[in-house]
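Enquirer: Residue numbers (the working numbering), protein chains in the order written: chain A, 1 to 337; chain B, 338 to 577.
Just so you know, these hints were derived from the structure itself, not from any lab.
Every residue, glycine too, gets a C-beta built ideally from N, C-alpha and C.
Some clues are possibly wrong.
To be verified - Have a look at the derived ranges for each label pair, beta carbon to beta carbon:
no., chain 1, residue 1, chain 2, residue 2, range
1, B, D429, A, D67, 42 to 52 Å
2, A, L30, B, V518, 26 to 36 Å
3, A, G294, B, D441, 46 to 56 Å
4, B, G574, A, Q98, 51 to 61 Å
5, B, P473, A, G314, 45 to 55 Å
6, B, G445, A, S269, 51 to 61 Å
7, A, F160, B, T423, 18 to 28 Å
8, A, N272, B, N528, 54 to 64 Å
9, A, E291, B, F451, 38 to 48 Å
10, B, V415, A, G294, 53 to 63 Å
11, A, N272, B, V400, 46 to 56 Å
12, A, G314, B, V518, 51 to 61 Å
13, A, N272, B, G574, 55 to 65 Å
As the list claims (entries may be wrong) - Capping the alpha-carbon separation at 30 Å, the derived lysine-lysine pairs in DSS-like fashion look like this:
no., chain 1, residue 1, chain 2, residue 2
14, A, K211, A, K226
15, A, K213, B, K489
16, A, K226, B, K544
17, A, K159, A, K226
18, A, K211, A, K159
19, B, K532, B, K544
20, A, K213, A, K159
21, B, K489, A, K211
22, B, K489, B, K532
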Amino acid sequence: MTTTPPQHMLDHDTYPELADGTVPADQMTLRPQNNYTNVLVLRELQSHAVFTTNGQDADLANVAVGDGDERAEYSPGLMFMRKQTGSDRRFGKALQRQLDLFDDDGDECTMQVNEMCQDCPECILYGSAAGDDAVSITSRVRYDTAYSLRDATVVVDEKFQNAPGGDYAKGAEATIREPDFFEPGTLFPCVVTLGDATPAELAFVLGITRKNKRYGAATSRLGRTKNHVLGVYVGSEEGPANLELTRDAIRGLRDDETTDYETIRDVTSAENLDPSLVGDHVRERFESRVEADGLDLSRVSTETVSELIDTATGEEFGDVLATQRERSREFLAGVTE
Amino acid sequence: MEVLEATIRVRGEVTFTSREVGRLADTEPYVLNTALYYALGLAGGRYLDTSYEPTYLADTEHVASELYVSPAAPVRGVSPRYTTTTYNASRDEYVVVNYSAQEDPYEGRNLPTFGRRRSLTQGTQLRLYVVTRDRPASAVADDLPTYTRLGKKRGKVRVDLTERPVSVATGSYELGHPIGVDDCGDVPVANVATKSMQPTPLVVAGKYEGEHLVIDRPEEAPGPETVALPRGLVFLGERR
Numbered sequence: 001m002t003t004t005p006p007q008h009m010l011d012h013d014t015y016p017e018l019a020d021g022t023v024p025a026d027q028m029t030l031r032p033q034n035n036y037t038n039v040l041v042l043r044e045l046q047s048h049a050v051f052t053t054n055g056q057d058a059d060l061a062n063v064a065v066g067d068g069d070e071r072a073e074y075s076p077g078l079m080f081m082r083k084q085t086g087s088d089r090r091f092g093k094a095l096q097r098q099l100d101l102f103d104d105d106g107d108e109c110t111m112q113v114n115e116m117c118q119d120c121p122e123c124i125l126y127g128s129a130a131g132d133d134a135v136s137i138t139s140r141v142r143y144d145t146a147y148s149l150r151d152a153t154v155v156v157d158e159k160f161q162n163a164p165g166g167d168y169a170k171g172a173e174a175t176i177r178e179p180d181f182f183e184p185g186t187l188f189p190c191v192v193t194l195g196d197a198t199p200a201e202l203a204f205v206l207g208i209t210r211k212n213k214r215y216g217a218a219t220s221r222l223g224r225t226k227n228h229v230l231g232v233y234v235g236s237e238e239g240p241a242n243l244e245l246t247r248d249a250i251r252g253l254r255d256d257e258t259t260d261y262e263t264i265r266d267v268t269s270a271e272n273l274d275p276s277l278v279g280d281h282v283r284e285r286f287e288s289r290v291e292a293d294g295l296d297l298s299r300v301s302t303e304t305v306s307e308l309i310d311t312a313t314g315e316e317f318g319d320v321l322a323t324q325r326e327r328s329r330e331f332l333a334g335v336t337e
Numbered sequence: 338m339e340v341l342e343a344t345i346r347v348r349g350e351v352t353f354t355s356r357e358v359g360r361l362a363d364t365e366p367y368v369l370n371t372a373l374y375y376a377l378g379l380a381g382g383r384y385l386d387t388s389y390e391p392t393y394l395a396d397t398e399h400v401a402s403e404l405y406v407s408p409a410a411p412v413r414g415v416s417p418r419y420t421t422t423t424y425n426a427s428r429d430e431y432v433v434v435n436y437s438a439q440e441d442p443y444e445g446r447n448l449p450t451f452g453r454r455r456s457l458t459q460g461t462q463l464r465l466y467v468v469t470r471d472r473p474a475s476a477v478a479d480d481l482p483t484y485t486r487l488g489k490k491r492g493k494v495r496v497d498l499t500e501r502p503v504s505v506a507t508g509s510y511e512l513g514h515p516i517g518v519d520d521c522g523d524v525p526v527a528n529v530a531t532k533s534m535q536p537t538p539l540v541v542a543g544k545y546e547g548e549h550l551v552i553d554r555p556e557e558a559p560g561p562e563t564v565a566l567p568r569g570l571v572f573l574g575e576r577r
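The whole structure should be built from the sequences, with the hints applied where relevant.
Expert: Listed below in structure tokens is the structure:
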């Protein structure tokens, strides 16, 4: 194993801000210790995407948004949490392969249930079911179902699909479908929460979030998504849920003087929303809700976040992951022996 | 002795495998206190499991005498809301062999790769009570999280707490909120209704005799005006 020291040391000495929400790599814990890192993300669809559970109908919910004078209901499109986890996990595994993490030992890791290696940073962070070694690992990354800011009537469109094949059809065939597609420009405010993660694991998740661009069904052809990282918050508890955040952001957009929106319905049925404006509102509302609920969370500076993202998306991140892998293995060995 | 009334509001999807029918897993709108002690941060749990044996008793030893957390049940008047989703644990290889049922090398192993599950979704409200003994309720409330995770896939929920006045009375009473079968030594005298759940069944209704707590609730709050609970509630007390 080559041991070139990583250029950026990802520890609490370099980033003292992270001390409240992460654990040092050599002090990974078996039992939860309430170190939380909340990553605030705005997911923006850049092409059509398919989020259905039956292959046909878009996932929808009914949500009441209201305060005092104005109450309204709307039907947001949903991005279930597992649609986010699944895609991010596959991307994380691919990233590890690309960074040559498995080169020396050929110990490849797979997404197949019960056949994960349970030995790489991804398995140990995201968790895995019992394999042959009868060890199961709980995920320390938590996602939450995301709700679109606008109503399904504007973000979902039915598209006619016809797959006739080369021959003229001789009989009735099930080649015609009209699945629901989410329109480009749909925005999903999201919080990803890490529990007792190390700074390198946080960087790993930030790198995945920054680089992963495909969500939903048929991702080899559609589902392109841009994840805007709006902020990172550390502390001893979890931040607000996506549902609250989305409702609050809708109200924020309505109250914003610089927009033409006057009612909640104006926002939820808008033709389009500006991602950077929405991002500002989501960030602002996250912070005001943290304050209103009295949550113990503090914002990590933008410089630190962009440094972590730069590290995680850079060439030398392979070294960081390799170091993390050693630590993860020591932790695993300490527990299972 | 003081009582905190907690309302759990589901924010995402909360899945428990309460019942499995073929490839469908269904979630009942009840959450056992075996899960709630962990979700509320009162017990530890482990990130890595090698023993596959529940450790409820050991994990809650330090809080069991200090307070009691009841199971959660639907708030009266607010019906639980459900969503049914299909899951598909797809692999990430570019080429996948689709074996026929006869030739599948994984045939003998239980590896569910797809199925459907019915989960509780946003709009669902569940209620639970926290009975504190030595510590004041407000101090306990400060320690409980505002947001936490529940269920198989760790769905996000919000927890709102209200202190309720409580008094002790003696005589016969109807159980006002579900409790675990092993949480109380008193035996119901009539009208018993239980709910079979894993790892402990629930007593959802029953007529009891003896000392009990009467929780007073304001008229405008959804639910009954008073809720009666047995006095000597200890989490899994009958197994300790």
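Enquirer: Between the beta carbons of G314 of chain A and V518 of chain B, is the distance compatible with 51 to 61 Å?
Expert: holds (57 Å)
Enquirer: Given the range 51 to 61 Å, decide if the beta-carbon distance of G445 of chain B to S269 of chain A lies inside it.
Expert: At roughly 54 Å between Cβ atoms, S269 of chain A and G445 of chain B fall inside 51 to 61 Å, so the hint holds.
Enquirer: Against the range 38 to 48 Å, how does the distance between the Cβ atoms of E291 of chain A and F451 of chain B compare: consistent or not?
Expert: For E291 of chain A and F451 of chain B the Cβ distance comes to about 43 Å; the hint holds.
Enquirer: Between the beta carbons of L30 of chain A and V518 of chain B, is the distance compatible with 26 to 36 Å?
Expert: Taking Cβ atoms as reference, L30 of chain A and V518 of chain B lie about 31 Å apart, which means the hint holds.
Enquirer: Verify the CB-CB distance for N272 of chain A and G574 of chain B against the hinted window 55 to 65 Å.
Expert: holds (59 Å)
Enquirer: Measuring from beta carbon to beta carbon, are G294 of chain A and D441 of chain B in 46 to 56 Å?
Expert: Distance hint for G294 of chain A, D441 of chain B holds at roughly 54 Å.
Enquirer: Take the C-beta atom of V415 of chain B and the C-beta atom of G294 of chain A, compute their distance, and say whether it sits inside 53 to 63 Å.
Expert: Distance hint for V415 of chain B, G294 of chain A is violated at roughly 26 Å.
Enquirer: Does the Cβ pair N272 of chain A, N528 of chain B satisfy 54 to 64 Å?
Expert: holds (59 Å)
Enquirer: Please work out if K211 of chain A and K159 of chain A have their alpha carbons no farther apart than 30 Å.
Expert: holds (28 Å)
Enquirer: Within 18 to 28 Å or not, the Cβ separation of F160 of chain A and T423 of chain B?
Expert: Since F160 of chain A and T423 of chain B have Cβ atoms about 23 Å apart, the given range 18 to 28 Å holds.
Enquirer: Take the C-alpha atoms of K489 of chain B and K211 of chain A, compute the straight-line distance between them, and say whether it is at most 30 Å.
Expert: holds (28 Å)
Enquirer: Mind checking the hinted window 45 to 55 Å against the Cβ distance between P473 of chain B and G314 of chain A?
Expert: With Cβ atoms ~52 Å apart, the hint holds.
In this structure, the earlier hints numbered 10, 16 are contradicted, and the remaining ones agree with it.
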